[in-house]
Amino acid sequence: MSNWALILYCGLITYLTRFSMIALIKKEMFNDRIREILSFVPSAIFPAIIFPAIFINDKGLFEIDDNPKILAAIIAMVIGIFSRSIIATIFSGLASYWFLIFVV
Amino acid sequence: MKSNFKVFLKGIIDVSPLMIPVVPFGLIFGVLAIDIGFTPIETMAMSLIIFGGASQIVLLQLFSGGASSLVIISSVGAVNSRHLLYGAVVSEHLSDLKLIWKIIISYFLIDQAFAISNEYLKKNKDNNRYFHLVGGGATCWVIWQSTTFLGIILGAAIPEKLGLSFAVPLTFLALLVNDFRKFINVIVIIVSGLVATFGYNYIPFKAYVIVAALAGLFTAMILTTKNKKV
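Which chain is which? The protein sequence lines are A and B, in order.
Residue numbers for the first sequence, in the working numbering: 1 to 104.
Residue numbers for the second sequence, in the working numbering: 1 to 230.
Bear in mind the hints are in silico, worked out from the structure with no lab data behind them.
Misleading hints may appear alongside valid ones.
What the hints assert, rightly or not - Straight-line distance between alpha carbons at most 25 Å, and here's what the computed SDA-like set of lysine to any residue pairs gives:
| no. | chain 1 | residue 1 | chain 2 | residue 2 |
| --- | --- | --- | --- | --- |
| 1 | B | K102 | A | Y9 |
| 2 | B | K182 | A | I70 |
| 3 | A | K59 | B | G155 |
| 4 | B | K125 | A | Y9 |
| 5 | B | K125 | A | F19 |
| 6 | B | K98 | A | F82 |
| 7 | B | K102 | A | L24 |
| 8 | B | K98 | A | L24 |
| 9 | B | K123 | A | I101 |
| 10 | B | K122 | A | I37 |
| 11 | B | K182 | A | L16 |
| 12 | B | K98 | A | L16 |
| 13 | B | K122 | A | K59 |
| 14 | B | K123 | A | I13 |
| 15 | B | K102 | A | L16 |
| 16 | B | K182 | A | R33 |
| 17 | B | K2 | B | W141 |
| 18 | B | K161 | A | N31 |
| 19 | B | K102 | A | I101 |
| 20 | B | K10 | A | F19 |
| 21 | B | K102 | A | S96 |
| 22 | B | K182 | A | N31 |
| 23 | A | K59 | B | K98 |
| 24 | A | K59 | B | E160 |
| 25 | B | K122 | A | S2 |
Starting from the given sequences, assemble the full structure and let the hints guide the process.
So, in structure tokens, the structure goes:
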């Protein structure tokens, strides 16, 4: 598949999830149980991006020793929990990562 | 009843604080897309056609990992499934609109615009209240397109040594800050993360995102059932 087809299909599926909620989905289609489960979607899917990006290196190998990303991510998480700020989380993580690779 | 323009303006003002984190997100996307090997036109087209931060970053992440198109598209779909949750809430406010407005509003219906307009729609019953959502969505559109563009330009100037790709997990981490305080969410986060990490090399077709997400949702299902019985 060409890059352009990939972009178009990804755009289409993104648009359809938004359109379906406005045009097709009726309130009564979701009971409380389904809503409760759907509320866990971010917690279920984002770690699948976060964890491999931290623990697996460019060569596809698991890396736990000498990996500054782990400590930087923990610092970002702690800052995030206390500040509840998206921007503070991102910048504290990047700042500690740079500190660990350039200064330490 | 306020004029359409005033409601639109109110949407812009209300969504503005939420735009601060969108700026680095857009920049990072632009820089990374160029870094991975997409052309500037393709990168800009992604922001114009997809117009969804999480979707676009997942696309980049899986593309650079060599995943097949089918896996990339279904993973993007999985990331977007959270939008279905909003459906139950927002559709009742828009049910009287003409189809053309539904088609237009769907394009602008992103997390940030939903978050602020949901509050507004609940409190206001005017017929033109949906202009609030259009105002919020359009603001985010302008910010997203311009930061993508800046990222494309900056991409060439930012050295690879800076390790900016680390901003991707950080961005998603930041989106979970409120979930770290809830016990069940923490368990779901750990299950999904472990399945993705250890399945990364073993789950075929790089489908680890989908498998991990399903494992996480299944965990949530079990834990929430138990909670009710107790």
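ask   = What are the numbers of the hints the structure violates, in ascending order?
value = 4, 6, 9, 11, 13, 14, 18, 19, 21, 23 and 25
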